[in-house]
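Counting from 1, one number per residue, gives the positions in the sequence shown under the numbering used here.
Misleading hints may appear alongside valid ones.
[Unchecked claim] With a cut-off of at most 30 Å between alpha-carbon atoms, the simulated DSBU-like pairs for lysine-lysine come out as follows:
{"#": "1", "residue 1": "K50", "residue 2": "K21"}
{"#": "2", "residue 1": "K84", "residue 2": "K4"}
{"#": "3", "residue 1": "K45", "residue 2": "K5"}
{"#": "4", "residue 1": "K5", "residue 2": "K15"}
{"#": "5", "residue 1": "K84", "residue 2": "K15"}
{"#": "6", "residue 1": "K103", "residue 2": "K45"}
{"#": "7", "residue 1": "K75", "residue 2": "K16"}
{"#": "8", "residue 1": "K50", "residue 2": "K98"}
{"#": "9", "residue 1": "K4", "residue 2": "K15"}
{"#": "10", "residue 1": "K85", "residue 2": "K59"}
{"#": "11", "residue 1": "K56", "residue 2": "K103"}
{"#": "12", "residue 1": "K98", "residue 2": "K45"}
{"#": "13", "residue 1": "K103", "residue 2": "K21"}
{"#": "14", "residue 1": "K98", "residue 2": "K59"}
{"#": "15", "residue 1": "K15", "residue 2": "K56"}
{"#": "16", "residue 1": "K85", "residue 2": "K75"}
{"#": "17", "residue 1": "K59", "residue 2": "K75"}
[Unchecked claim] Computed beta-carbon distance windows for the label pairs:
{"#": "18", "residue 1": "E47", "residue 2": "L24", "range": "28 to 34 Å"}
{"#": "19", "residue 1": "L3", "residue 2": "K59", "range": "21 to 27 Å"}
{"#": "20", "residue 1": "D72", "residue 2": "K50", "range": "19 to 25 Å"}
These are calculated hints, taken from the structure and not from any lab test. Glycine residues also receive a C-beta, built at the ideal position from the N, C-alpha and C atoms.
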Amino acid sequence: MELKKTLLFFQAWVKKGTERKNFLEALGYYHSFVLRPLVEILRIKYEPTKRVFYLKHIKRDLPEEAILQLEDFYKVNSVEEITKKTRRANVVFFDVIKDIEEKSL
Numbered sequence: 001m002e003l004k005k006t007l008l009f010f011q012a013w014v015k016k017g018t019e020r021k022n023f024l025e026a027l028g029y030y031h032s033f034v035l036r037p038l039v040e041i042l043r044i045k046y047e048p049t050k051r052v053f054y055l056k057h058i059k060r061d062l063p064e065e066a067i068l069q070l071e072d073f074y075k076v077n078s079v080e081e082i083t084k085k086t087r088r089a090n091v092v093f094f095d096v097i098k099d100i101e102e103k104s105l
């Protein structure tokens, strides 16, 4: 799956931004290369016809549990939080991929 390759490739950029304590750069990479793919994979799972809608109508398209989790991932105030939430978001991302792959077998 292309999303998985992209996510893994750009993790280095997120890590580099956080290790350099460059909040704005890390935040940009976090949004682009962690949260955007996470939203897309959740849409593929729950509302595949709206895969490219990103956050538009997200609250009506995803289950409440997924919305609450995403809202938490978006609330970051430091590079330390970006580091922690990147790890957690990656776990969710790969759990969703696993779910999708199992259902398609």
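Going through the hints against the structure:
1. K50 to K21: Violated: K50 and K21 sit about 35 Å apart, past 30 Å.
2. K84 to K4: 19 Å, holds
3. K45 to K5: 18 Å, holds
4. K5 to K15: 16 Å, holds
5. K84 to K15: 11 Å, holds
6. K103 to K45: Since the Cα atoms of K103 and K45 sit roughly 10 Å apart, the hinted pair holds (cutoff 30 Å).
7. K75 to K16: Given pair K75, K16 holds - Cα atoms ~20 Å apart, limit 30 Å.
8. K50 to K98: It holds: about 20 Å lies between the C-alpha atoms, which stays within 30 Å.
9. K4 to K15: OK: K4 and K15 at ~17 Å, within 30 Å.
10. K85 to K59: Measuring from Cα to Cα gives roughly 21 Å; hence the hint holds.
11. K56 to K103: 26 Å, holds
12. K98 to K45: 11 Å, holds
13. K103 to K21: Given that 30 Å is the threshold and the Cα spacing comes to 40 Å, the pair is violated.
14. K98 to K59: Between K98 and K59 the Cα gap is close to 23 Å, so the pair holds against 30 Å.
15. K15 to K56: 28 Å, holds
16. K85 to K75: Given pair K85, K75 holds - Cα atoms ~9 Å apart, limit 30 Å.
17. K59 to K75: The hint holds at about 16 Å.
18. E47 to L24: 28 to 34 Å: 31 Å, holds
19. L3 to K59: 21 to 27 Å: Hint holds: Cβ distance 22 Å, inside 21 to 27 Å.
20. D72 to K50: 19 to 25 Å: About 22 Å separates the Cβ atoms of D72 and K50, which means 19 to 25 Å holds.
Comparing the model with each numbered hint stated earlier shows that hints 1 and 13 do not hold.
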